[in-house]
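Put chains C and Y on the given structure of chain G with help from the hints.
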Amino acid sequence: MRRLLLSAIILSLVIITNAQSKIVVFQSDFGLKDGAVSAMKGVAMGVSPDLKLYDLTHEIPAYNIWEGAYRLMQTVPYWPEGTVFVSVVDPGVGTSRKSVVAKTKTGQYIVTPDNGTLTLIAETLGIAELREIDEAVNRRKNSEKSYTFHGRDVYAYTGARLASGVISYEQVGKALPAEPVMISYQKATLEGKVIRGNIPVLDIQYGNVWTNIGADLFNQWKLRPGDKLQVRIFNNKQKVYEGVMPYVETFGAVARGKPLAYLNSLLQLSFALNMDSFANVHHVSSGSAWSVEVSRAN
Amino acid sequence: MRRLLLSAIILSLVIITNAQSKIVVFQSDFGLKDGAVSAMKGVAMGVSPDLKLYDLTHEIPAYNIWEGAYRLMQTVPYWPEGTVFVSVVDPGVGTSRKSVVAKTKTGQYIVTPDNGTLTLIAETLGIAELREIDEAVNRRKNSEKSYTFHGRDVYAYTGARLASGVISYEQVGKALPAEPVMISYQKATLEGKVIRGNIPVLDIQYGNVWTNIGADLFNQWKLRPGDKLQVRIFNNKQKVYEGVMPYVETFGAVARGKPLAYLNSLLQLSFALNMDSFANVHHVSSGSAWSVEVSRAN
Amino acid sequence: MRRLLLSAIILSLVIITNAQSKIVVFQSDFGLKDGAVSAMKGVAMGVSPDLKLYDLTHEIPAYNIWEGAYRLMQTVPYWPEGTVFVSVVDPGVGTSRKSVVAKTKTGQYIVTPDNGTLTLIAETLGIAELREIDEAVNRRKNSEKSYTFHGRDVYAYTGARLASGVISYEQVGKALPAEPVMISYQKATLEGKVIRGNIPVLDIQYGNVWTNIGADLFNQWKLRPGDKLQVRIFNNKQKVYEGVMPYVETFGAVARGKPLAYLNSLLQLSFALNMDSFANVHHVSSGSAWSVEVSRAN
Chain G
1 MRRLLLSAII LSLVIITNAQ SKIVVFQSDF GLKDGAVSAM KGVAMGVSPD
51 LKLYDLTHEI PAYNIWEGAY RLMQTVPYWP EGTVFVSVVD PGVGTSRKSV
101 VAKTKTGQYI VTPDNGTLTL IAETLGIAEL REIDEAVNRR KNSEKSYTFH
151 GRDVYAYTGA RLASGVISYE QVGKALPAEP VMISYQKATL EGKVIRGNIP
201 VLDIQYGNVW TNIGADLFNQ WKLRPGDKLQ VRIFNNKQKV YEGVMPYVET
251 FGAVARGKPL AYLNSLLQLS FALNMDSFAN VHHVSSGSAW SVEVSRAN
Chain C
1 MRRLLLSAII LSLVIITNAQ SKIVVFQSDF GLKDGAVSAM KGVAMGVSPD
51 LKLYDLTHEI PAYNIWEGAY RLMQTVPYWP EGTVFVSVVD PGVGTSRKSV
101 VAKTKTGQYI VTPDNGTLTL IAETLGIAEL REIDEAVNRR KNSEKSYTFH
151 GRDVYAYTGA RLASGVISYE QVGKALPAEP VMISYQKATL EGKVIRGNIP
201 VLDIQYGNVW TNIGADLFNQ WKLRPGDKLQ VRIFNNKQKV YEGVMPYVET
251 FGAVARGKPL AYLNSLLQLS FALNMDSFAN VHHVSSGSAW SVEVSRAN
Chain Y
1 MRRLLLSAII LSLVIITNAQ SKIVVFQSDF GLKDGAVSAM KGVAMGVSPD
51 LKLYDLTHEI PAYNIWEGAY RLMQTVPYWP EGTVFVSVVD PGVGTSRKSV
101 VAKTKTGQYI VTPDNGTLTL IAETLGIAEL REIDEAVNRR KNSEKSYTFH
151 GRDVYAYTGA RLASGVISYE QVGKALPAEP VMISYQKATL EGKVIRGNIP
201 VLDIQYGNVW TNIGADLFNQ WKLRPGDKLQ VRIFNNKQKV YEGVMPYVET
251 FGAVARGKPL AYLNSLLQLS FALNMDSFAN VHHVSSGSAW SVEVSRAN
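Taken in sequence, the protein lines are chains G, C and Y. Just so we're aligned: the first sequence equals residues 1 to 298 in this note's numbering. Just so we're aligned: the second sequence equals residues 1 to 298 in this note's numbering. Just so we're aligned: the third sequence equals residues 1 to 298 in this note's numbering.
In isolation and in its complexed conformation, chain G is listed as follows (with noise of 0.2 Å):
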């Protein structure tokens, strides 16, 4: 009777704190059209029900990694803990480049071809621990006839296995260094009266120019909101645009389409034309090639 009754309390226990974990959370470049992020969900689902699917974005731009691994940065510090996100943009399919489920030091875990996508998070989060996928185990059954859908036979398998408590990350394979491939690119710098740094992304939506300059480097001039910045940006080193616009903490602050620079939710430098695109006005891109200079006009 009390076996019993110990029973019932430790299944309503299992069931709350299983509750706790168990969120899967989607990123790739395969669109919506398809049914390719479907069948990866419905894998995850028939490893258990139980868990909670949700998505980064699938509208990365074909095989771009750089804008994979800026959209983790942008987003897996605002998950909780024991998270797991499976990435697949993969470009190397089928060739020699790792699959892996690194384990951020904030507690949140990554399932990803080895193949910079882990660039920006382990240079921000960092990375507490890096492990390769052991396909002998980690990979769906009857899936070895075919080649070229790791993103479903393999990462969300093992990504739905992980979150799921399937297995524990140890399980998920052997230890490699926490070091995953890294993609080179412009740090932001401040080098006498210039920050300069790169533009990662577009804020596609509104087509505001987002920079990699964050507040601690950009708050060294301790400017106050109204004061006024010089901006050059670049391609290559071709000079794209040159203008003067205020530092403000509100884009109500400037008049209808009059630029503006503030720092983003990320806290970051950015700039922006109020209520219009700066990017579509200005013609400006982002990339590695896309670069900005920065100095104060008084």
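Calculated from the structure, these hints are not laboratory results. Each hint can be trusted.
Which copy? The list can't say, so a pair holds if one copy fits it or any two copies do.
Keeping only pairs whose Cα atoms sit at most 25 Å apart, straight-line, the calculated DSS-like set for lysine-lysine is: (1) K222 with K141; (2) K105 with K52; (3) K52 with K22; (4) K22 with K141; (5) K141 with K105.
Here the structure is a predicted model, which means the values were calculated and not measured.
Coordinates of chains C and Y only, in the frame set by chain G:
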């Protein structure tokens, strides 16, 4: 022993009753290409992993408060009592517009900037109560330095706390008069032999033209399927379309490519071409500048 | 006392077993810009907030039943037994086409108009049973005046009731012969030294060309990686592409921009350019008018 037993039962019941609500539905003009929506959901999962997170749409045209208002009217009534909507179409972010949580007369909640987004919900379901978000309490910890992402740090956070029961509706903040900011627009009217109205939105995917003329008004004509209507469509005062079409109950009642009038899923008078796009073929769009005149053609 | 204890245990078990199914997956040609998909999900949540709602895709081209059929074939097999799909691609809404729920031979359910959407599922997984939805019972209350949104009022509602256990499969409505409406299309054949087939869909995001020629047929040639194929692609009878390419297991086996043949994740013969779009470069599309001829090139 009895106490243990009761605990087990209560635990079970808590799990069951909690499962009755805990739904958050997100709407924004952020698009799905970057990490903004995912960051909002991560914050919500951090508040409670038991929440069920869904989307209305994130494809509201940038800054288009009117369309955000319309999409809420179109969908809120179909979600159960207790559902919490988080709607972030916020051109005035950082200005003095208030952040509020409305409770509809049918028991759903809407977290939104008070900028007109509640207009059509107020006119249809009705607003039972309105409260201003107290950011001293209902703002994500450590987000004070960030000025521009209220959607994540205030709206998603508050919505998740309300939906999960961390706070009650009263704990959102102080009560306001139940009178949100309203956008003025042309109402549907029957004068003499003419019904007038406007075109709040298109049925985008199919190119059907939806009006704000409801079945209650339209049915005063007591039409029968097959009866003919004279339809004129204006952009400001300029006539864009004029034609005669039958009122039908099914698209298949007219030949392919032919026009028809019908009551859409919201029971509003609408115009379509069977298997083609009325909006594209006749260059019709939507918004406050667009109006229609309908009369009987016999 | 014992009865209470048993109740607690049964409650716990009910929660656990219920968690084994309760999955609804939606597909439509509605797009995600308006509230139609969200209204369907709201209705489902109103039936039972314990349901887990996911999407296949809502980007099926308007009225394209064939593509809806293909996306189901591509994904249904990866979802667990008991999953309920709600597929709404319904150009004949309001006509005499039947509303049905199919049960596959592998135990998934598909709620759909019987208009050809089940064609490819019937040919692959197989249809075990077919029932016509009894709208006298399985239609949302107070929706009788609405003629045009069966997706919400009948299909989502019935799918949610079935997935949540409110109704059994038998309570959907009367049994029909397990023979859904079928779309005719060209089958894959091996005649002499030529394999023929059609191009049911493109791998849109990457521009790869997928055929309906399965591994079982193709492997009769016992090719080894690197063996060459002569490929011709026709739109109706007109030749659109002719070229020689190797059969490979990984995209990286050919130089950037070069053509290759491979078995895709569904183990069907496909054609691609490494790191480029075969469909765009060679103007290849998909549908019943497109066919391919493949022979060995040595």
